[in-house]
Amino acid sequence: MKKEFKFLYFAPYLLWLLLFVIAPVALIFYYSFFNVNHQFTLNNYITFFTSGTYLTMTANSVWFAFLITAMTLLISYPMAYFITKLKYRNLWILLVILPTWINLLLKAYAFIGLFSHNGLVNQIFNFFGIPAQQLLFTNTSFILVAAYIQIPFMVLPIYNSLLEINPSLVQASKDLGATSWQTFKKIIIPLSIPGIKSGVQIVFIPSLSLFMLSRLIGGNKIITLGTAVEEHFLTTMNWGMGSTIGVVLIISMFIVTILTHTSKKRRVAK
Amino acid sequence: MNKPIVELKNVYKKFNDTTILNNINLKLEAGQFYTLLGPSGSGKTTILRTIAGFNDVTSGEVLFQGKKINSIPPHQRNMNTVFQNYALFPNMNVYENVAFGLRIHKVPEAEIKQRVQEVLHLVQLDNYGDREISELSGGQQQRVAIARAVINQPKVLLLDEPLSALDAKLRKDMQYQLRSLQQRLGITFLFVTHDQEEALAMSDVIFVMNDGKILQQGSPVDIYDEPINHFVAHFIGESNIIPGKMISDFHVEFLGHTFECSDAGIPANESVEVVIRPEDLVIVPVDQGKIKVKVSTQLFRGDYYEIIAFDQQDNEWLIHSTKPTIDDSIIGLTFEPDDMHIMRYNEDEHNFNQRLESYEE
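Chains as they are written, first to last, in the working numbering: chain V, 1 to 270; chain G, 1 to 361.
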C-alpha cells in the first residue's frame, strides 16, 4: 500500500515526462525515418550526411554557436565575478535575470529598433560624426544579440559556483604570497569550472538552433540548423528531413554534455 | 630584551559603535610560542587577522621587525597563517597545496620537490603527496595546512584555533606535535584558542583576552598561580573565589577568620577576592580544618573526585581529591598560605605587576 502511495506522488511527473519529453523525442525519431510520401526510408540521414548544404549548415551552426557561447562567457564571467563582490548582490542578480521575463520576440524587435538605419545606435554614431552603419542583418549583430539573450543563463551558474568558494581559500592564497591576479588564476577560476561548464551546456545547445534571431537580426544570411528545421516543418512540409536535423541536434547535445562532464577524480597535476 | 618581531601599539578596531579591539599593546619576540586566549568574541582572532593583514585597524600601529606594516597587503608580509578550517585548496592534491607558496615565489622545480618532501616529513605525511584533500582525515588536513604554511619559512606562524575541529585525543597529540614543531623550527608561533588547557600546555607566553582587551600576559604558571582578576581566575583552570578583606600585608580575612597569606602591597581593610585552586584544598577531619564545609555532591572524574561543598555562608567550594568523601558530611579543609592568591578589584596589569614585584623576591 505504501508503495502505491509513493507512486501517486511520482505520477504527475512521470506523466509530464512521458507527454512532453519522451513522446516528442520519440516522435522526432519516428518521423526522421519517413519521406514526404510517408514511406519508410533512411534517405533523410543519407541526404544529411552526404549533401554539402546540410554539412555546411551544421558547420555554420556549430561555429556560430561556439562564437555566441564564447562571447557570452567572456561577458558573463567578469559580470558574475563582480556581482559576487557587490553589497546588494541579490538585487543585481535579479536585474540580470529580469530580461528573461520578456518574450524573446519582443527583445528581438527591440534590437531591430536599436540597430536599424535610423535607430538609436546610428543616431549616436551620427552625433559623434560617424556615418550611419549597416548594423542590422550582419553576423556581428546576430552574435551580439544572441549573446545578450544568453547572458542570464551563463551568469547564474557561474555566479553560484563563485559564491560557493570559501572566502578563506582566497585569504589562504594571499597569505601564501599570491597576488590578487594569481589567486584569481590559480584558485578562483579552477574552482568555478563547474559553473562555467553548466553555463556552456545551457548556452551552446540552444545557440545551435536560434532560428528566430538568425532571421530577424542576422537577416537569414547564415542558415543554421534551427532555420532549416523551421523551413522543413513550416515551408517545405518535409517533416522527415526536419526531424532528421532534430535528431542530429539531440545527439550533438548529448556529445557536448558528455564532453563537458568530467569525473571529479580526473585532474592533471602539473 | 630581544627586539620584538611583531609589535602592536595602541591598536583600536571599531566597527560602527562596537569596539572590537580596545587599546591593544603586545610584543612578540623571535622563537617564542605565544597564545591569545579568550572566549569567543573577545577579539583574539581579530588580532591575528590584523597581524596577517586581513583586517585594517581603526587606529594604532602594527609593526613587523620595527617597521610599520599597517598598509602592506597580506601577500607581502613575511608571515603565514594556519586557518581554522584549514582552507586547503580542493582543486589541488596534498603536494600542490604544500608547493603553492613556493610556486608563487617562482622557486625552481627541483628545490620545490625537495622542500615539499622535507615539510611533509616534518608533519609525518611522507607519502601523502598524491592524495586528494577530500581523502584526508581532519588531523591529516590539519598537518597539511601546517606544512603549507611553514614551507615559505615565515618569521611568524599565525594559528587560528587550528585544533578546535579535532577530537579530544587527537587534539592532545597535536599539542605535543605543535610544540615540538615550534621548537625545531625556532620561529615565532602566535596561537589563538579559547581552550585554556591548550594554552597552558603549549605556550611560553599567554595573553588572556576579554571584550577586546588584553587582561593579563605572562607565562602559563604565572597566569595560573597569580590571575589578575576574577575573569582570568575563572577562565583559566577552575577556582574557588571568595570575597574577603585585607587585614595587613600577608594577612587576609574571610569567612570570619584571619588567615596568613603570601600577598602584600594592598591597603588595609580593602575588600579583595581570594582565589584557591580546587587541587590545593586538602580534606582533613573537621577539628583540624581551617574552614568547615558541608559536602553536597561529588563526581568521579577518573583521575580525581570533584567534590562540591558549601560553607556556612553558602559559598560554593570546589575540591579535587584523590579520595572520595561522604555526601552531606561536614569536612574540614586546609590549605597553605602559598595556595591563596589575593586579587584586588579593578587593578590594571601594570600596577598588578609592580605590586607583585615589590614583595616577591
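Hint data in this document are derived by calculation from the structure and do not stem from the laboratory.
Treat the hints loosely; a few may be bogus.
[Unchecked claim] No more than 25 Å apart at the CA atoms, straight line, and that leaves these computed lysine-lysine pairs for BS3-like:
{"no.": "1", "chain 1": "G", "residue 1": "Lys-68", "chain 2": "G", "residue 2": "Lys-155"}
{"no.": "2", "chain 1": "V", "residue 1": "Lys-186", "chain 2": "G", "residue 2": "Lys-213"}
{"no.": "3", "chain 1": "G", "residue 1": "Lys-292", "chain 2": "V", "residue 2": "Lys-186"}
{"no.": "4", "chain 1": "V", "residue 1": "Lys-185", "chain 2": "G", "residue 2": "Lys-9"}
{"no.": "5", "chain 1": "G", "residue 1": "Lys-68", "chain 2": "G", "residue 2": "Lys-14"}
{"no.": "6", "chain 1": "G", "residue 1": "Lys-67", "chain 2": "V", "residue 2": "Lys-85"}
{"no.": "7", "chain 1": "G", "residue 1": "Lys-9", "chain 2": "G", "residue 2": "Lys-245"}
{"no.": "8", "chain 1": "V", "residue 1": "Lys-185", "chain 2": "G", "residue 2": "Lys-292"}
{"no.": "9", "chain 1": "V", "residue 1": "Lys-87", "chain 2": "G", "residue 2": "Lys-155"}
{"no.": "10", "chain 1": "G", "residue 1": "Lys-245", "chain 2": "G", "residue 2": "Lys-169"}
[Stated by the list, open to error] Reference listing, derived: stretches of chain G covered by chain V, where coverage requires no fewer than 3 residues with Cβ under 8 Å from a Cβ of chain V:
{"no.": "11", "region": "97-107"}
{"no.": "12", "region": "162-172"}
[Claimed, not checked] Residues on chain V that point at chain G, a partial pick, calculated with CB under 7 Å:
{"no.": "13", "residue": "Val-36"}
{"no.": "14", "residue": "His-38"}
{"no.": "15", "residue": "Pro-167"}
{"no.": "16", "residue": "Ser-168"}
{"no.": "17", "residue": "Gly-177"}
{"no.": "18", "residue": "Lys-185"}
{"no.": "19", "residue": "Ile-188"}
{"no.": "20", "residue": "Ile-189"}
{"no.": "21", "residue": "Pro-190"}
{"no.": "22", "residue": "Pro-194"}
{"no.": "23", "residue": "Ser-198"}
All C-beta atoms in this analysis are idealised placements derived from N, C-alpha and C, irrespective of residue type, glycine included.
Does Gly-177/V pass the interface check with chain G, least Cβ-Cβ distance below 7 Å? holds, 5 Å
If you take the shortest Cβ to Cβ gap from His-38/V to chain G, is it below 7 Å? violated, 55 Å
Is Lys-185/V close enough to Lys-9/G, meaning Cα to Cα at most 25 Å? violated, 37 Å
Against the 25 Å threshold, does the CA-CA distance of Lys-68/G and Lys-14/G hold or violate the hint? Answer holds: Lys-68/G to Lys-14/G is near 20 Å, not above 25 Å.
How about Ile-189/V: closest beta carbon in chain G under 7 Å, or not? Nearest chain G Cβ about 9 Å off; hint violated.
Take a quick look at whether Lys-186/V and Lys-213/G sit within 25 Å of each other, Cα to Cα. Not OK: Lys-186/V and Lys-213/G at ~38 Å, beyond 25 Å, violated.
Straight-line Cα separation of Lys-68/G and Lys-155/G no greater than 25 Å? holds, 16 Å
Restraint check for Lys-292/G with Lys-186/V, where alpha carbons must lie at most 25 Å apart: violated, 68 Å
Quick check: do three or more residues in the region 162-172 of chain G have a beta carbon closer than 8 Å to a beta carbon of chain V? Violated, because only 0 residues of the region 162-172 of chain G bring their Cβ atoms closer than 8 Å to Cβ atoms of chain V.
Restraint status (C-alpha distance of Lys-9/G to Lys-245/G at most 25 Å): At roughly 37 Å apart (the allowed maximum being 25 Å), Lys-245/G and Lys-9/G break the hint.
Given Val-36/V as an interface hint, is the shortest Cβ-Cβ distance to chain G below 7 Å? violated, 54 Å
Taking only the CA atoms, is the gap from Lys-87/V to Lys-155/G under or equal to 25 Å? The hint is violated at about 36 Å.
In this structure, the hints that do not hold are numbers 2, 3, 4, 6, 7, 8, 9, 10, 12, 13, 14, 15, 18, 19, 20, 22, 23, in rising order.
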